[in-house]
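What follows is each chain in one-letter form.
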Amino acid sequence: MIHLIGPAVLASALAGIGIYGMLARRNAVLVLIGAELLLNAANVLLITASALPPGGLAAIPEPGRPGPTELTDPLLSGQVMAIFVITIAAAEIGVALAIVLLLFRSRGTVDLTAVEELGEASRTYTENPAGYPEPGPRPRILSLVDPIEAPVAASGRATGGDSGRNEGPR
Amino acid sequence: MTESAALLTVTLPVVAAVLGLPMGTRSRPWAGDWAVLGAIGALAAAVTELVAVLRTGSITSIGFLGQARLGALTLGLDLRSDQLSAAVAVAVAVVALCVQIYSTAYLSGEGTPEAPTRYPAYAATVSLFTAAMMLVIHSGDLVLLLIGWEVMGLASYLLIGHHSERPAARAAAMKAFLVTRVGDVGVLLAVVVLIAGAHTTSISQLTEAATEGAIGHGTLLTVAVLLLAGVAGKSAQFPLHTWLPDAMEGPTPVSALIHAATMVVAGVFLVARMLPLYLAVPGALQVAAVIASISMVGAALAALAQDDLKRLLAYSTISQVAYMLAGVAISRDPAGAGAGLFHLLSHAAFKALLFLAAGCVIHIVGSTMLADMGGLLRTHRSLALLFGIGLAALAGVPPLGGFWSKEAILTAADQAARAGAWSGWLVLLAGLLTSLLTGLYAGRAWSIVALGPVPQRPAPGRPAAGDAESEEPHETLEPVEDAQLHAHHVPHRIPVAMMLPLYLLALPTLGFGLVLLDPPSLLTAVHLDLVTAVTGSMLAVAGLGWAVSAPRLGQPDIAVALPLRTRALLRDGFRVDVAQQVLIVAPVLALARVVRLADRNGIDAGVRAVAPTFRAAGLALRRAQTGLATAYTAWLVLGAVAIAVAGVVFA
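Residue numbers (the numbering used here), protein chains in the order written: chain V, 1416 to 1585; chain F, 221 to 871.
Just so you know, the hints here were simulated from the structure itself, not pulled from any lab data. Don't take every hint at face value.
Pairwise CB distance ranges, derived in the manner of DEER restraints [unchecked claim]:
#, chain 1, residue 1, chain 2, residue 2, range
1, V, T1524, F, R828, 42 to 50 angstroms
2, F, L839, V, H1418, 49 to 57 angstroms
3, F, R835, V, A1506, 40 to 48 angstroms
According to the in silico footprint, chain V covers these stretches of chain F (three or more CB under 8 angstroms from chain V) [as the list claims (entries may be wrong)]:
#, region
4, 278-290
5, 852-865
Over 10 angstroms on every C-beta distance to chain V, these chain F residues come out as not near it, computed from the model [to be verified]:
#, residue
6, L227
7, L274
8, T332
9, A335
10, V517
11, T599
12, P619
13, Q635
14, A717
15, S769
16, L782
17, L789
In this text, a Cβ means the ideal position worked out from N, Cα and C, and glycines have one as well.
With these hints in hand, go ahead and build the complete structure from the sequences.
Have a look at this one:
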């Protein structure tokens, strides 16, 4: 029986290194390794907790008192959860590496700071990433617009390309 | 007997109003028949009630609308019937009947596009007006009285604005409604104070409690002063009188109804009805006497300089109603209101006669301006004589009805003054001065309308601006066939339906003093002192003679003798309108503008700010979308840490 402090320190160290890796690294593969470290920190905590009696820390008696009737949870829920985590981590790493591979193929880099086009606040953001021509006024086939309002609508459309979108067949 | 008569008096005009209204323009004769029938029924019921009350005494509780249970308070919405209500009811019914008969001729035809007659709606509203007044004078509970009071305000608004195509009529209706409403708020508050302070609004219970001193002095004083506000509004007393001259925009029979019997005397009636309560707080009665004295003299002076016949009569109404209010206000015991009520009844007859005769004159001339009138005595002798009877009664020439009632008030004021009341002196002096002024303006009207030179007749198709009677279809006015009148080139014949009410009203105008031979207990306090009677009537006759002889002394009429600026000031009613405009209307409008600004830029701005706020928030959140996966991870970690911390702290 080892002391609880050992696995707890190990888990926190793994989690800290993993978070640091995710936040500070620019290489996508290393960020993924950080995520793996974080998952394994969780695994260590789960397996440690499964060694506790049912009820967790609160069930451990004070010194001098009789111990609990069952020393470990017969269902081994912590270990089962760890198996789950490992499985999901395997699937996740497969998908994530596939994405990284595709990123590398299309951009020739796995530097995460180099791909920020989707952020609306980024310097490279654009509403029209593929560079298509701006959408003009739709050709009105069946006009339901009131003829009195029509000149107003036409002049309004002329001022901005994007107001044409509001005018569908009503 | 009394119960059913009182109930019928109140309900018959309502039935006439409800039945008359759906009789559309196509069945216009039916609408008239319903209205006249309703008025006849009301008159019969009122006379029956008066006879029954004189024989068997008054009844203070007649079941009408049952009881209204309002929490701790139970209101008995009952009627009451006594000599006061029965006598006023007869006066109201007589005037209402005359007005209904008169209106069938006066508002005949379809009218012009600018002023359609809309007779069925008009007749129904007049019936409703009558019913409201009947309810006011019969109600045994102040809440029920308030209902009638408010319905009367509504009906007057509708009738004054009857020709709603004209902006002046709309403005006058709105003004009448708003100004009387200022007073009505006082009545409403008085009812609230009574419920809070005396726990009852039943008039008989209040009378009893006030006589026994069971109600606190503060409550009584508050109630009395608040009711006075309503009285000043409805009875057109200073400073809330300004709506009455403007109300002349309504059809002339409506003016007769409002001035003679229904609207303006309601205020005096209310003071007479609540007199035991007022006697407990003499201060309120003194206030009423001061208001009445100011209104009396001021309105008589203003009437002197009017150049419009209807406005002259309107100011004379203010002055005469002030007489009544003064007569009630100087009373020192519950029977003391007799003189004021006596004047109320006689005034109902002669003022209705005056207005209906003025309507005939306007009908002939096609204008309400005095400058367009003249020579009536030569062209329409009987009409001129009837008009003259009305004016003589107004001035108080013996032995007409107005003489007895006015001198009774002066005598009562004299007695009050001798008993040491300063309000008695005030009323006596104001009354004597007003006697002279009344003689002057009555004589002026007579000298212009009846004696003056016949002016150039306006062409029948002439569009007369501000002409209330332009709805009269001139083609129906055929040249007269009567041989007696034929000699005098008379272009218009007056319909019988318009002359009949005049004769009907001339009877009480002439002979109202006969009531004093065997006075009912309501009028036992009415006395005539020889000295005051002679002084008052001498002043009146002097004024009358002065004004009538003015043309022979070289002036076209007596008002011309006044300096021009004084005359303009009097014609505009001392410019009270301007003062009210500056002191009340303008600040209220300014306040309204401030409120509107606050509403738009304060309250509405909060609502309008929702969209910009969310837009700004969205733009700010957009800054968080940097596109850096690392930054998103940082947010994720921060969120996880926040949840963990929250879990530890709140666990």
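Hint check results:
{"no.": "1", "hint": "V:T1524 x F:R828: 42 to 50 angstroms", "verdict": "holds, 49 angstroms"}
{"no.": "2", "hint": "F:L839 x V:H1418: 49 to 57 angstroms", "verdict": "holds, 53 angstroms"}
{"no.": "3", "hint": "F:R835 x V:A1506: 40 to 48 angstroms", "verdict": "holds, 41 angstroms"}
{"no.": "4", "hint": "278-290", "verdict": "violated (count 0)"}
{"no.": "5", "hint": "852-865", "verdict": "holds (count 3)"}
{"no.": "6", "hint": "L227", "verdict": "holds, 61 angstroms"}
{"no.": "7", "hint": "L274", "verdict": "holds, 74 angstroms"}
{"no.": "8", "hint": "T332", "verdict": "holds, 36 angstroms"}
{"no.": "9", "hint": "A335", "verdict": "holds, 37 angstroms"}
{"no.": "10", "hint": "V517", "verdict": "holds, 64 angstroms"}
{"no.": "11", "hint": "T599", "verdict": "holds, 61 angstroms"}
{"no.": "12", "hint": "P619", "verdict": "holds, 76 angstroms"}
{"no.": "13", "hint": "Q635", "verdict": "holds, 79 angstroms"}
{"no.": "14", "hint": "A717", "verdict": "holds, 54 angstroms"}
{"no.": "15", "hint": "S769", "verdict": "holds, 72 angstroms"}
{"no.": "16", "hint": "L782", "verdict": "holds, 62 angstroms"}
{"no.": "17", "hint": "L789", "verdict": "holds, 56 angstroms"}
Of the numbered hints stated above, the single one contradicted by the structure is hint 4.
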